[in-house]
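**Student:** Below are the chains, spelled out letter by letter.
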Amino acid sequence: MKKILNDPSNFVDESLQGVVLAHSDLLRCDDDLRVIVRSDAPVRGKVAIATGGGYGHLPVFLGYVGQGLADGVCVGNVFSSPSADAMLAVTKAIHGGAGVLYLYGNYFGDKMNFDLAAELARDEGIEVETVRVTDDVASAPIDQMSKRRGVGGVFFVYKIAGACAESGAPLKEVKKAAEQAALNVRTMGIGFSPCTIPASGKTTFEIAEDELEIGIGIHGEPGIARAKIGTANELVSLLLTHLTRDLDLVSGDDVSVLVNGTGSTPLEELYVAYKEVHDWFSQKRINIFKPFVGEYATSLEMAGFSISVLKLDDTMKRYLETPVHTPFIKQW
Amino acid sequence: MKKILNDPSNFVDESLQGVVLAHSDLLRCDDDLRVIVRSDAPVRGKVAIATGGGYGHLPVFLGYVGQGLADGVCVGNVFSSPSADAMLAVTKAIHGGAGVLYLYGNYFGDKMNFDLAAELARDEGIEVETVRVTDDVASAPIDQMSKRRGVGGVFFVYKIAGACAESGAPLKEVKKAAEQAALNVRTMGIGFSPCTIPASGKTTFEIAEDELEIGIGIHGEPGIARAKIGTANELVSLLLTHLTRDLDLVSGDDVSVLVNGTGSTPLEELYVAYKEVHDWFSQKRINIFKPFVGEYATSLEMAGFSISVLKLDDTMKRYLETPVHTPFIKQW
Amino acid sequence: MVTSNELAESFKYVAQAIHNRRDYLCELDSHAGDGDHGISMDLGWQAISNVESDGVPCAQYLRNCGKDFITAVGASIGPLYGTAFLRAAKACDGKDQLSVQDVIEMFHAAVAGMGERGGAKLGDKTLLDTLLPVDSALADGVKQNLSLNTLLEKVVSEAERGMESTAELVSRIGRSSRLGERSRGQLDPGAASAYVVIEALVTYLLPLAENVGSIQSI
Amino acid sequence: MVTSNELAESFKYVAQAIHNRRDYLCELDSHAGDGDHGISMDLGWQAISNVESDGVPCAQYLRNCGKDFITAVGASIGPLYGTAFLRAAKACDGKDQLSVQDVIEMFHAAVAGMGERGGAKLGDKTLLDTLLPVDSALADGVKQNLSLNTLLEKVVSEAERGMESTAELVSRIGRSSRLGERSRGQLDPGAASAYVVIEALVTYLLPLAENVGSIQSI
Ligand SMILES: Nc1ncnc2c1ncn2[C@@H]1O[C@H](COP(=O)(O)OP(=O)(O)O)[C@@H](O)[C@H]1O
Ligand SMILES: Nc1ncnc2c1ncn2[C@@H]1O[C@H](COP(=O)(O)OP(=O)(O)O)[C@@H](O)[C@H]1O
Ligand SMILES: [Mg+2]
Ligand SMILES: [Mg+2]
Ligand SMILES: [Mg+2]
Ligand SMILES: [Mg+2]
Numbered sequence: 001m002k003k004i005l006n007d008p009s010n011f012v013d014e015s016l017q018g019v020v021l022a023h024s025d026l027l028r029c030d031d032d033l034r035v036i037v038r039s040d041a042p043v044r045g046k047v048a049i050a051t052g053g054g055y056g057h058l059p060v061f062l063g064y065v066g067q068g069l070a071d072g073v074c075v076g077n078v079f080s081s082p083s084a085d086a087m088l089a090v091t092k093a094i095h096g097g098a099g100v101l102y103l104y105g106n107y108f109g110d111k112m113n114f115d116l117a118a119e120l121a122r123d124e125g126i127e128v129e130t131v132r133v134t135d136d137v138a139s140a141p142i143d144q145m146s147k148r149r150g151v152g153g154v155f156f157v158y159k160i161a162g163a164c165a166e167s168g169a170p171l172k173e174v175k176k177a178a179e180q181a182a183l184n185v186r187t188m189g190i191g192f193s194p195c196t197i198p199a200s201g202k203t204t205f206e207i208a209e210d211e212l213e214i215g216i217g218i219h220g221e222p223g224i225a226r227a228k229i230g231t232a233n234e235l236v237s238l239l240l241t242h243l244t245r246d247l248d249l250v251s252g253d254d255v256s257v258l259v260n261g262t263g264s265t266p267l268e269e270l271y272v273a274y275k276e277v278h279d280w281f282s283q284k285r286i287n288i289f290k291p292f293v294g295e296y297a298t299s300l301e302m303a304g305f306s307i308s309v310l311k312l313d314d315t316m317k318r319y320l321e322t323p324v325h326t327p328f329i330k331q332w
Numbered sequence: 001m002k003k004i005l006n007d008p009s010n011f012v013d014e015s016l017q018g019v020v021l022a023h024s025d026l027l028r029c030d031d032d033l034r035v036i037v038r039s040d041a042p043v044r045g046k047v048a049i050a051t052g053g054g055y056g057h058l059p060v061f062l063g064y065v066g067q068g069l070a071d072g073v074c075v076g077n078v079f080s081s082p083s084a085d086a087m088l089a090v091t092k093a094i095h096g097g098a099g100v101l102y103l104y105g106n107y108f109g110d111k112m113n114f115d116l117a118a119e120l121a122r123d124e125g126i127e128v129e130t131v132r133v134t135d136d137v138a139s140a141p142i143d144q145m146s147k148r149r150g151v152g153g154v155f156f157v158y159k160i161a162g163a164c165a166e167s168g169a170p171l172k173e174v175k176k177a178a179e180q181a182a183l184n185v186r187t188m189g190i191g192f193s194p195c196t197i198p199a200s201g202k203t204t205f206e207i208a209e210d211e212l213e214i215g216i217g218i219h220g221e222p223g224i225a226r227a228k229i230g231t232a233n234e235l236v237s238l239l240l241t242h243l244t245r246d247l248d249l250v251s252g253d254d255v256s257v258l259v260n261g262t263g264s265t266p267l268e269e270l271y272v273a274y275k276e277v278h279d280w281f282s283q284k285r286i287n288i289f290k291p292f293v294g295e296y297a298t299s300l301e302m303a304g305f306s307i308s309v310l311k312l313d314d315t316m317k318r319y320l321e322t323p324v325h326t327p328f329i330k331q332w
Numbered sequence: 001m002v003t004s005n006e007l008a009e010s011f012k013y014v015a016q017a018i019h020n021r022r023d024y025l026c027e028l029d030s031h032a033g034d035g036d037h038g039i040s041m042d043l044g045w046q047a048i049s050n051v052e053s054d055g056v057p058c059a060q061y062l063r064n065c066g067k068d069f070i071t072a073v074g075a076s077i078g079p080l081y082g083t084a085f086l087r088a089a090k091a092c093d094g095k096d097q098l099s100v101q102d103v104i105e106m107f108h109a110a111v112a113g114m115g116e117r118g119g120a121k122l123g124d125k126t127l128l129d130t131l132l133p134v135d136s137a138l139a140d141g142v143k144q145n146l147s148l149n150t151l152l153e154k155v156v157s158e159a160e161r162g163m164e165s166t167a168e169l170v171s172r173i174g175r176s177s178r179l180g181e182r183s184r185g186q187l188d189p190g191a192a193s194a195y196v197v198i199e200a201l202v203t204y205l206l207p208l209a210e211n212v213g214s215i216q217s218i
Numbered sequence: 001m002v003t004s005n006e007l008a009e010s011f012k013y014v015a016q017a018i019h020n021r022r023d024y025l026c027e028l029d030s031h032a033g034d035g036d037h038g039i040s041m042d043l044g045w046q047a048i049s050n051v052e053s054d055g056v057p058c059a060q061y062l063r064n065c066g067k068d069f070i071t072a073v074g075a076s077i078g079p080l081y082g083t084a085f086l087r088a089a090k091a092c093d094g095k096d097q098l099s100v101q102d103v104i105e106m107f108h109a110a111v112a113g114m115g116e117r118g119g120a121k122l123g124d125k126t127l128l129d130t131l132l133p134v135d136s137a138l139a140d141g142v143k144q145n146l147s148l149n150t151l152l153e154k155v156v157s158e159a160e161r162g163m164e165s166t167a168e169l170v171s172r173i174g175r176s177s178r179l180g181e182r183s184r185g186q187l188d189p190g191a192a193s194a195y196v197v198i199e200a201l202v203t204y205l206l207p208l209a210e211n212v213g214s215i216q217s218i
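Chains as they are written, first to last, in our numbering: chain A, 1 to 332; chain B, 1 to 332; chain C, 1 to 218; chain D, 1 to 218.
Quick caveat, the hints were computed from the structure, so don't treat them as lab data. The C-beta atom is built at its ideal place from N, Cα and C for all residues, glycine as well. Hints may be right or wrong, so weigh each one.
To be verified - Mimicking DSBU-like on lysine-lysine, the simulated pairs with C-alpha atoms at most 30 angstroms apart in a straight line are:
1) B/K2 x A/K228
2) A/K228 x A/K46
3) B/K330 x B/K317
4) B/K3 x A/K2
5) B/K311 x B/K147
6) A/K176 x A/K311
7) B/K330 x A/K311
8) C/K95 x C/K143
9) B/K330 x A/K46
10) A/K147 x C/K95
11) B/K2 x A/K2
12) B/K172 x B/K2
13) B/K284 x A/K2
14) A/K330 x B/K317
15) B/K330 x A/K3
16) A/K3 x B/K2
17) D/K143 x D/K67
18) A/K290 x B/K3
19) B/K228 x A/K330
20) B/K92 x B/K330
21) D/K154 x D/K143
22) C/K121 x C/K90
23) B/K46 x A/K2
24) B/K228 x B/K317
25) B/K46 x B/K317
What the hints assert, rightly or not - Listed next, with one range per pair, are the computed distances between beta-carbon atoms:
26) D/K90 x B/N6: 58 to 68 angstroms
27) C/K90 x A/G45: 25 to 35 angstroms
28) B/D40 x C/G180: 34 to 44 angstroms
29) B/E321 x A/R226: 28 to 38 angstroms
30) B/S282 x D/R182: 37 to 47 angstroms
The following block holds chain A by itself, in its conformation from the complex (with noise of 0.2 angstroms):
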């Protein structure tokens, strides 16, 4: 296992320790390193975001917590939940008096954690709402879209609940973009090759030397098929036929799109990437309006991709604009 790393079982503390020290400015963190929270939190009357899930998917969770994102995060081991408690510290550090919005990926272990806080902070007296972002298509069915992990695609939810809680709305309001937001965001992504889990030194999957996981998710989950390597324009063609298909795009659509990469592919590719996206879209007279390329949820050095495609209306073109300032994420 070749990382940087000192003991394997401090790697997320001594990691989030790094992230403290070096983003003071923009973070902070008060006694408990796995519950960070912007340095101007709890910021009074605007409604607060609250995150969190497992460590390895930088700047998935943590890097969406600042100006314009999400205003606090638990962070729990490499893929694993953070602890209800952690969630509820993060809650209490961040409530500027206008409710809090538990805005996360959809896995079972996330979800009981934030339910039960969510309980504890009722008792507490803080209003809490909850969206789950559900935006993997290969992960069940789209009648049963509420199974669905969350990916990617969580990038444009906090882009836009996060603008929108920037922009003075209640609770509700906040509320319901975030939904409008997760309803329209579409994800697939398709892995090339492993990471390895710092604790165990375990990789995620195994797979041949000329073979791709179609649909995979961001710990490696098996996705919807194993398929030869193709070519850039044949992958992109494959996940945009899905993702459109999915979200009943049809031509004169507005949409923003995002490559993401997982960990260990090259800026370069994700560009050849982008470049057979835009002419996926063109040919198919669907607008893209601010894309997006980079890597926004990784898995550790998983080599690989996804697409995640977001259907516009004018407020989330609107939404798309608003400044965005945190140390892994800026916008302006």
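Starting from the structure of chain A, add chains B, C and D with the ligands where the hints point.
**Tutor:** Leaving out everything else, chains B, C and D with the ligands in the frame of chain A:
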């Protein structure tokens, strides 16, 4: 070779098409894909900064084109110098009447092409100066600094020179700022595993499962030693010992630090390294001002990291704070 | 009547049993899960061992157990046991000491809470496959007015049967459901650790239950 | 006297020779370099084949060759040959036709330009190891007032000797210098392609040189 690719010989051009399509708000490419400039070039009256080199190091070099950094770039094939012709074209496209600074990493191919381009540009009446970055301490002894390669520390030189140019300073002064930064920046890297060149399908080097290349170059050039895997603490101490000795750092000095990932090393691990950097410098009573952690100079999917240290004076501190706005690097 | 000190004694006994089976539980979790189940359970029950009971009313004591469990553990098991203790606390709210009937109701509330928290049903290959049969056995035992002794023996055999049923099930929920068919053939770690909990509680209680009569008479 | 059309004819002959050795040159470059040398040289000389010479003065023609070479090729070989042609152009500035002496001076300027551009010395394992001996042979030939025929034969044997010397050298400059000792044992690709250039030029010129006398008499 598991890559997002069509015909490998079109890799660079297709990737550049993706970049230009995704970022047409900030970048412009007139007819030669290998010649890319900031969208508002030429900026009248401002010293223009041209850079360039082989492809495969994103955000180096292309990613540093934009407000606060460079004005234009010429892009070669993977790990191969662009042509003097492309450099001349960039020079003409960005020249705003105040002269052009050529700023790039010290490699024979790039030097020959840029020097020839400078000759041709001067023939056309454009004032050109050159600063080559020689920050890689592992590539030659300090008394042969001009033989050293340019690696990740080029980021700091762009940052300082770009900020100086943005301030309206004349060419001589911008050159001096760049030289000052180049003189005060040092880098050393460690390679864990190689990358594969798309056109040839070959890896850049071979290395055992339990070995690291200490002092590796950004094309996989051999460093000063092969070593067994160590802890994060050991690796960082090793690099910082070399760097601080080479820079003659003493307690009380101010530095900026860049912990750079070379491709497939996860951000989570880079922050483990940053924690070690922080502890090491604290212990030596050397002050870290504005650290940077992330991918600033890569070698496709090479695994590993490098540390760059810039010894600061007050002017450089000020320049480090100047806003930057490229599709790849943003700061404000 | 059961006091919070007596609850605490029994929980310490459970904690020791879990600690002894820690590696076995991790091993079970390494097949379809992430191999941490023994560690998580051990952390959680260790935390419970340290909860003060002296002079603390039962409900408050149980609430503190729940809170300390979730402070110690995230993952899946944290909110499941955390919820169980919090619901148990709610079920005996206001009571200083508990009758056997109270304890049985409390257990029912705890298991129901786990079901609600995770949305799992019998047969989904989770700890509920151990605990739901126990819950039914308790309810039936009350109806049939069994002796405490007999009931406890029934409880342990139901728990064991439930746990063992998970070997042949396909996981339909939680981390291991990712594996689909490949999750078949191994005990569910949560079901196995729940059996350790039940078995330890029963082992602890049996000597105390020796001379007491039928449940409804206590 | 040599016209730009005659220069163009000889360069087309060189371009064809390079094209024929393209794979061989790539193969040489694949040991210590990146395997593109044959492709780069081929691209560059192909570009030169297409430069218009009809009615263009020699200096202008050579300048256009240099510019088109660097438009076609980056890498190391682009600026080296590009500089060579541009310096050759400068050396014959203002002249419409060239004497053999002019051509020899022009060649010297070209090789000197390559040395300046890359900073390489004799023995650094580069194309200069082929070209510098040729340059010396030409200078000596002029001094000794050899016949053109004899001189050309000397030129080709010096080029060959120079190229072959690179096999045993360690690269001290350019991409292959990264390899240090490991670069020993193979011909330098740039030295090999420079030999192809010289050999082609000589082969093209020899028939024309048959009936002319000593250099200084032409
Ligand atoms: N939704 C759920 N409902 C009930 N039990 C569950 C659920 N999800 C997981 N479990 C139980 O948790 C056990 C795994 O616990 P643990 O390993 O501590 O958590 P994690 O899977 O997060 O690593 C499983 O064996 C199963 O019995
Ligand atoms: N600094 C230099 N001076 C002279 N010749 C050089 C220099 N650097 C490289 N060369 C020549 O260039 C050749 C390699 O050319 P080529 O493969 O086209 O370029 P690259 O190395 O950029 O791929 C070498 O074999 C050597 O002869
Ligand atoms: Mg587990
Ligand atoms: Mg776990
Ligand atoms: Mg080459
Ligand atoms: Mg080359």
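**Student:** I'd like to know which numbered hints this structure contradicts. Please list them from smallest to largest.
**Tutor:** 2, 10, 12, 17, 19, 23, 24, 26, 28 and 29
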